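Participant: Could you put together the complete structure from these sequences and hints?
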Amino acid sequence: MNTLDTPSRRRFLKSGALIGGGLVIGFVVPGAKRFAEAAPAAAAAASTGFAPNAFLRIGGDDTVTVLLSHSEMGQGIWTGLAMLVAEDLDADWSKIKVEHAPAAPAYAHTAFGMQMTGGSTSTWSEFERYRMAGATARALLLAAASKRLGVPVEQLRTDNGAVIAGQRRLRYGELVADAAKLPPPATPPTLKDAKDFKIIGKPTRRLDGPEKIDGRAKFGMDVQFEGLLTAMVARAPVFGGTVKSVDDSAARKVPGVRDVVRVPSGVAVVADHYWAAKQGRDALKIEWDAGPHAAGLDDAKLRAEFARLAAAGGGAVAARAGDADAGLKAAAKVIEAEYHVPYLAHAPMEPLNCTVKIGADVCEIWTGTQFQTMDQKAAAKITGLKEEQVRIHTTFLGGGFGRRATPSSDFVAEAVHVAKAAGKPVKTVWSREDDVRGGYYRPMYLQRARIGLDAKGRPVAWKHVLVGQSIISGTPMEPMMVKNGVDSTSVEGVADSPYVKDLKDHFIELHSPQTGVPVLWWRSVGHSYNAFVMESLIDEAAHAAGQDPVEYRRSLLGAHPRHLGALNLAAEKAGWGGKLPPGRARGVAVHESFGSYIAQIAEVSLEKTGSGQRIRVHRFVCAIDCGLAVNPDGVRAQMESGINFGLGAALYSELTFKNGGVQQSNFHDYRVLRLDEAPVIEVHIVPSAEKMGGAGEPGTAPVAAAVANALFALNRRRLRELPLRVPA
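When we follow our numbering, the leftmost residue of the sequence shown carries the number 1, and every step to the right adds one.
One should not assume that every hint holds.
Stated by the list, open to error - Straight line, CA to CA, 27 Å or less: simulated DSS-like cross-link-like pairs of lysine-lysine:
(1) Lys253 to Lys329
(2) Lys691 to Lys192
(3) Lys357 to Lys333
(4) Lys95 to Lys147
(5) Lys691 to Lys195
(6) Lys95 to Lys218
(7) Lys483 to Lys218
(8) Lys218 to Lys357
(9) Lys192 to Lys202
(10) Lys181 to Lys97
(11) Lys333 to Lys456
(12) Lys97 to Lys192
(13) Lys95 to Lys244
(14) Lys357 to Lys420
(15) Lys202 to Lys333
(16) Lys424 to Lys244
(17) Lys181 to Lys329
(18) Lys181 to Lys192
(19) Lys658 to Lys244
(20) Lys377 to Lys218
(21) Lys357 to Lys377
(22) Lys424 to Lys377
(23) Lys218 to Lys278
(24) Lys463 to Lys420
(25) Lys333 to Lys95
(26) Lys253 to Lys218
(27) Lys181 to Lys147
(28) Lys97 to Lys198
(29) Lys244 to Lys212
(30) Lys504 to Lys456
(31) Lys381 to Lys333
If you are wondering where the hints come from, they were derived from the structure by calculation, not from laboratory data. Predicted model only: the values in this text are computed from it and were never measured.
Facilitator: This is the structure we're talking about:
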């Protein structure tokens, strides 16, 4: 995506006001030309300083409330972004509180120009902006204390939520009324030097932990108020299907059912509670028009078509240098391989849900969403209201992984349609089966590669074709992210791989067929399948060259110090080359995504079962270079989360299609990793002063390759398809 102008401290805007006896510090997206074009009203408001992009609030009781323009879905920004404010404010950490910001154009992401959470961008994109909010508040508090005490600001200092002058100590809460009356600082305050950090970079317990443990945390499913009804929607069993006719007479007789309404996605049953809505939906008699995709949506047909395209040539060129065909002809040895990955559901623990209340001049929405701006626009269009009349209350998300970030605003838009048709406040709830079968999946991909090796076994030429759906085509992001027919997310981790870029002869080709299956970003996006393919191919090359897989990678990554640093740390901590218990083997993978560099080493074995053999992953060692780790505990937690998420996909998860519909429905047949299958995970953070990267997604990308490479080391069988299955 194209980025906005980089925020500058010198163009920082501040507005101060008393709200409930507290000091409010607001700050905006400065110098955002593209944002101004996309949201002129918000840009105009920002220029006057009245529409804060994010702010902190200091109360008379010393509490510091940080408003997040991003959504907390388990990735830890409830704590990480608050740490940024607290650091330069010199706040008392025990007084920090956090709230989700309301939806408004002024809360736009500094890089994407809209309010959203995704792409492992929240921390690095806000690193300066949130710190500046804290620093500006501190400057105003110092100025207020100076006036009250008659002491020059230069003779004052701050610490742990107070201004200190010699033996005198004024709490921030005592100063907020005076500070709110002061003009903005004449010059932007100076941010702390990293050597003076007291909070940033220190392991910190999560602020949202206690309320999630004791049940105070509010997720979308927890929203409840007087008069709220619950709805379930009957949707077509095949993608692209529509309602031909419906008999709702039996549904309306179910106790608790209040109404049955037609909406664009199907037929909604509105009831007093979930069970009545479900029973009512089950009682509907609907005749469906299967639409255009039913006949072609079949796994065998899709795979055959993908294979045909891979062999046909003529796809979009994603990367090219020299003459790959000539390089392959001149190579001492050529590796040829075909890899395949399936469609995947996001399967967050909290199924999709959205509560909507529509009034004459306001539409209120309560939901866990990653895309506030898109949802607000969709709701405004459906209701006929202005965007600013759509109020989105962002709750905690019970997992997202990309599913709650749909450009079409599907589940939120559907809920608005239901509430509008019902004429009452309604919470539209998806069952687990609805969620698994409801679309927006990680796309299926087939890839073929030919790698030419020289006499020493080093790659000299690379030719690679990818076939799979574009997740960007047809969305508002297409003009920014699809160039010359190439969706950048389809080829990320391949076209820009150091293994490919460093070769003078390479050719990367992409085919993006349209199948009728709705697809979307899934945790680590294109890297989720491309890391598996690339790191498996490099492992194949290492073994073809007769070289140790770690040493082989070291020989290829000499010009890439961050890859190499992560690899060396992981190998050291895993004891690469050391003795293992009988029946175990190690595999390695190293991959860069979302600005972070990850190396992982998996330790696996095979266990006999009644039906064959089961892959058992005992230990996972992970090293990450993400630049400065704002909260090392948060980074470690995200690596553990990403690894377990990736292991579920590597070992079990897949969606299959027959007669236009998804065959899986719930966790019994769409398997994710279970508690007793989770390995021991060790996470090591590379000390780094390099550019910051993300942590939420990169840990997932290399997982499947590390496991597959370990299995090859164990039994010399190369598995090129996910989920990994070992022949009996």
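Participant: Determine which of the earlier numbered hints do not hold for this structure and return their numbers in increasing order.
Facilitator: Violated hints: 1, 3, 7, 13, 15, 17, 24, 25, 26, 29 and 31; rest satisfied.
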